[in-house]
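Undergrad: Listed in order, the protein sequences are those of chains A, B and C.
For the first sequence, the numbering used here gives the first residue as 1, with consecutive numbering after it.
For the second sequence, the numbering used here gives the first residue as 1, with consecutive numbering after it.
For the third sequence, the numbering used here gives the first residue as 1, with consecutive numbering after it.
Don't read these hints as lab results, they were simulated from the structure.
Bear in mind the structure is a predicted one, so any value in this text is a computation, not a measurement.
What you were told as hints is all true, and nothing was included just to trick you.
Okay, derived cross-link-like pairs now, DSSO-like style, lysine-lysine, Cα gap no bigger than 30 Å in a straight line:
hint, chain 1, residue 1, chain 2, residue 2
1, A, Lys213, B, Lys71
2, C, Lys284, A, Lys262
3, C, Lys301, A, Lys213
4, A, Lys262, A, Lys308
5, A, Lys213, B, Lys108
6, B, Lys71, C, Lys301
7, B, Lys108, A, Lys28
8, C, Lys118, A, Lys58
9, A, Lys167, A, Lys58
10, B, Lys105, A, Lys213
11, A, Lys167, C, Lys284
12, B, Lys71, A, Lys222
13, B, Lys71, B, Lys154
14, B, Lys154, A, Lys222
15, A, Lys213, B, Lys154
16, A, Lys58, A, Lys33
17, A, Lys158, C, Lys118
18, C, Lys301, A, Lys222
19, C, Lys118, A, Lys308
20, A, Lys262, A, Lys58
21, A, Lys33, B, Lys108
22, C, Lys284, A, Lys158
If the Cβ cut is set under 7 Å, some of the chain C residues that face chain A in the computed set are:
hint, residue
23, Arg93
24, Asp94
25, Gly101
26, Gly104
27, Leu107
28, Ile108
29, Gly111
30, Leu281
Ideal Cβ positions, reconstructed from N, Cα and C, are used throughout, including at glycine.
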Amino acid sequence: MTAVADDPRTTAVEQGRTAAGSPTLLGKRSIAKMGVAAAALAIGLFLLPAITSTFWVKNLTSAAILAIVAGATGMLYGRVGLVALGQMALYGLSTWITLRLSFATDLPFPALVLIAAVITTIFGVILGLPALRLSGIYLSLITLMSAAGFLVILSEAKFPNGGPGFKGLVQEVTNRSEMRRPDIAIGDFAYYRYVVIAMVLTYLLALIHVVGKPGRAWASIKQSEAAALAAGINTTTYKLWAWALASFMTGIAGGLLAGHVKSPSVFPFIVEQNIILIAVVVMGGVVSLWGGIISGLLAAVLPELFQKIGVSDRWSLILFGVGLTVNLLITSHQLDKAGIRE
Amino acid sequence: MIGISNLTVRFGGVLSLAGVTVDFPGGACGLIGPNGAGKTTFFNVLSGFVVPVEGSVDADGVDLLAMPDFKRARWGVRRTFQTEQAIESLTVFDNVRTVLEHTSKHGKDSARTQVLDAVEFCGLGAQVYARVGTLSPRERRLVEVARAVVGSPKLILLDEPGAGLPEAESEHLGTVIRQIPDHVGATVILVEHDMSLVRKCCDWTAVLDFGRLLSCGPTEDVLRDPTVLAAYLGQEVEA
Amino acid sequence: MIDTNQLFPFLMSGLGFGAVYAMSGTGLLVLYRTTGVLNFAFGAIGAFGASITWSAIENNWAPDWVAYLMCIAFCGAVTLGYGLYLAPRYANRDDLNKMLGTLGLALILLGFMFNLWKTEDARVFRLPTGTRRVQIEWFCNSEGKECVFDARISYTQILAVVFALVVAAGVTVYLKRTKMGTAMRAIANDREISSLLGVPVRRIEAIAWLGSGVLCGIVGLLLVDLFGSLDVVLMTWFVIPALAPVLVGRLRHLWVAFFAAFAIGVVEAELNASTWAWPSLYRKTTAYVVAIVALLWFARKRNLVISGRSTR
Numbered sequence: 001m002t003a004v005a006d007d008p009r010t011t012a013v014e015q016g017r018t019a020a021g022s023p024t025l026l027g028k029r030s031i032a033k034m035g036v037a038a039a040a041l042a043i044g045l046f047l048l049p050a051i052t053s054t055f056w057v058k059n060l061t062s063a064a065i066l067a068i069v070a071g072a073t074g075m076l077y078g079r080v081g082l083v084a085l086g087q088m089a090l091y092g093l094s095t096w097i098t099l100r101l102s103f104a105t106d107l108p109f110p111a112l113v114l115i116a117a118v119i120t121t122i123f124g125v126i127l128g129l130p131a132l133r134l135s136g137i138y139l140s141l142i143t144l145m146s147a148a149g150f151l152v153i154l155s156e157a158k159f160p161n162g163g164p165g166f167k168g169l170v171q172e173v174t175n176r177s178e179m180r181r182p183d184i185a186i187g188d189f190a191y192y193r194y195v196v197i198a199m200v201l202t203y204l205l206a207l208i209h210v211v212g213k214p215g216r217a218w219a220s221i222k223q224s225e226a227a228a229l230a231a232g233i234n235t236t237t238y239k240l241w242a243w244a245l246a247s248f249m250t251g252i253a254g255g256l257l258a259g260h261v262k263s264p265s266v267f268p269f270i271v272e273q274n275i276i277l278i279a280v281v282v283m284g285g286v287v288s289l290w291g292g293i294i295s296g297l298l299a300a301v302l303p304e305l306f307q308k309i310g311v312s313d314r315w316s317l318i319l320f321g322v323g324l325t326v327n328l329l330i331t332s333h334q335l336d337k338a339g340i341r342e
Numbered sequence: 001m002i003g004i005s006n007l008t009v010r011f012g013g014v015l016s017l018a019g020v021t022v023d024f025p026g027g028a029c030g031l032i033g034p035n036g037a038g039k040t041t042f043f044n045v046l047s048g049f050v051v052p053v054e055g056s057v058d059a060d061g062v063d064l065l066a067m068p069d070f071k072r073a074r075w076g077v078r079r080t081f082q083t084e085q086a087i088e089s090l091t092v093f094d095n096v097r098t099v100l101e102h103t104s105k106h107g108k109d110s111a112r113t114q115v116l117d118a119v120e121f122c123g124l125g126a127q128v129y130a131r132v133g134t135l136s137p138r139e140r141r142l143v144e145v146a147r148a149v150v151g152s153p154k155l156i157l158l159d160e161p162g163a164g165l166p167e168a169e170s171e172h173l174g175t176v177i178r179q180i181p182d183h184v185g186a187t188v189i190l191v192e193h194d195m196s197l198v199r200k201c202c203d204w205t206a207v208l209d210f211g212r213l214l215s216c217g218p219t220e221d222v223l224r225d226p227t228v229l230a231a232y233l234g235q236e237v238e239a
Numbered sequence: 001m002i003d004t005n006q007l008f009p010f011l012m013s014g015l016g017f018g019a020v021y022a023m024s025g026t027g028l029l030v031l032y033r034t035t036g037v038l039n040f041a042f043g044a045i046g047a048f049g050a051s052i053t054w055s056a057i058e059n060n061w062a063p064d065w066v067a068y069l070m071c072i073a074f075c076g077a078v079t080l081g082y083g084l085y086l087a088p089r090y091a092n093r094d095d096l097n098k099m100l101g102t103l104g105l106a107l108i109l110l111g112f113m114f115n116l117w118k119t120e121d122a123r124v125f126r127l128p129t130g131t132r133r134v135q136i137e138w139f140c141n142s143e144g145k146e147c148v149f150d151a152r153i154s155y156t157q158i159l160a161v162v163f164a165l166v167v168a169a170g171v172t173v174y175l176k177r178t179k180m181g182t183a184m185r186a187i188a189n190d191r192e193i194s195s196l197l198g199v200p201v202r203r204i205e206a207i208a209w210l211g212s213g214v215l216c217g218i219v220g221l222l223l224v225d226l227f228g229s230l231d232v233v234l235m236t237w238f239v240i241p242a243l244a245p246v247l248v249g250r251l252r253h254l255w256v257a258f259f260a261a262f263a264i265g266v267v268e269a270e271l272n273a274s275t276w277a278w279p280s281l282y283r284k285t286t287a288y289v290v291a292i293v294a295l296l297w298f299a300r301k302r303n304l305v306i307s308g309r310s311t312r
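Taking the hints into account, I'd like the entire structure generated from these sequences.
TA: Pasting the structure below:
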């Protein structure tokens, strides 16, 4: 081979040719990362429930569910460069479908959640297929508009409570049925563990994509769509793939929420929550999936923490606004120093 | 050989390319012209980003314009951009691998060998697992060249690869570009303002001015052509 | 299917909301064209200003007209402050991140409103125009009991329509006829070249921020009157439907946005006249559906950005 390389610094290549895998997968750093993840999982599954009350375990359950939505939103933002402001609508849609299915069928809980997630994915793709031709601010706006429109419908339709008809609504509260939980996770502590494991599984699903061929294609699209096309990447397919994956993860979260709160209100899905979500996602950091967990904790646990110490939970809203602003200021300053204009 | 005939591109009322007919004979070819002559538009047509109102592109007997943009890379069109576009968040290896895995099918080992060959060809052997974000401008340009030569490209479009590099560095880049046709057997079209780089790499050169073909032929003849010199008047030709 | 007696009254109320959409749209559009910032805090700032007015009236801090001015002054000052101190720091970011910056401001303002006022209580104040109504009776029969056009409208509705017209016309004249306006249009076309040509970019941006801030104060006051109460959450996110006409105008054409605003307001209101339940239950989706359709219309043609230039 006629290497133009003018010096013998080809050692890395030579090592690479003999090594079995890419050094990024089996290096010391990745083993250390896996160790940290395993330790964190152990703490999350066993230590946290052991030292806290039912109240906090319920909040941690909410945090783990939100972490799935945040992980999906962060993946779209950090890996593909798409800012979705309507994720809470898909989340609510899936909660609604799960509840409706649970009253209509005798399917086991995981099947309910999976079916709801798949239907949610289909809805996400139907919107995404035309919308993904848009980019930047326009894509964000169409997702936000969809979420606002969905909220109007949800506020009227409300969540099913075991009644008849398509809406599954019954007026007399006495007859109201509740969403069932899986047999192995009836209690709040067991359900918490169930949710954490589901969260880890969805994160693994995302991780498999991110380190593989789709992840490289996404990185390419994020950098420049034109360059990605020139590299032979079918950008429409890969963007839609990311979109579908995020919808699916959000759908899983919606199903888990149905089991968590059993008879949900509209509040978790109001427009504000979409803005809060993007704020906590930016605060948590979009490059790593750990950011998703931080985001979930911020959104679900922080307001409760404020109330516990006697401060209005409304302060969390201010904190999210400040967090988003500070984060933008820091990244803008860094870009400025590097002389980069977006 | 890349045969272009009567290629016309219109943006609003402005003719960016006005019936350009030219045959690129193969090897490394230069494409020069003053700013706004239509060079990048020409590349955009070949990559499928801009649809011409008229004209045809015959690449080794294949009608290039009939192919969707991302499929052209599979056929063998590669391109770099004026602003460097190597993917910052990925390693050099993954950058090159991304192009290969979307343009051709290979077994894992054969893909690995091809990627490493391309990286080595560009002299980036020592940085193969470095993240592109940590590399120097020269190295990033070389990553782009490696992305362009991996697999079996047939037509490589390089849009000002030397822009912003000091002379010594673009010298090395020129050596790499010069060897591409022999190494991978592709036709290279090089858009460049740096005439010394064009001289060094290209035996054959075409000149565009205001969307029209001004001159074409062996590089030395073209650069001595009085009409070409007139077009560059005010923009000094580095002879 | 349609209660024809209701068509005219709902048309009148639709025009009132359409006027507020139009005014918001004008403020959002001109600011976006001049600064590249889509101000999502528009509604939150207006709600905050209106809350100040409510406190001033409730506690007799000042005469009513001073209280109204306090709202407009607050909105102008906050918007201008953001434009002078925070917005320039995002100058190197794309439109999306500039927009996220204003979402941060919206959250902060909303949080403070929740903390400073008992937002769950119904808070009401009326503009002097809101308490006076005029009875329209056109084309009545001989006894004067049955009229083709019959509605009671408040002066606020009339004021809103007149204001919206004056603002849109004023902005158009300003952009076309004055030196500053011409400079503003130059910036909207190409800010770098304008700045190289010596256009005072910062000063013109400040004017745009201040102008849209004042508009947002006026919108805040009108909304309290039209909604009938001060709901900070409703008002904060009013900015989202208000963006629909701006999107119909492709973030560019003021008068397209203006008429789209009235159209959306009227359709939203007229759906109430349906005798079926669902059109009136879901009538609030009108603006969102219009916005989604407008955005998808953009998406017909792909827009690739190659080395900073668009292929479109």
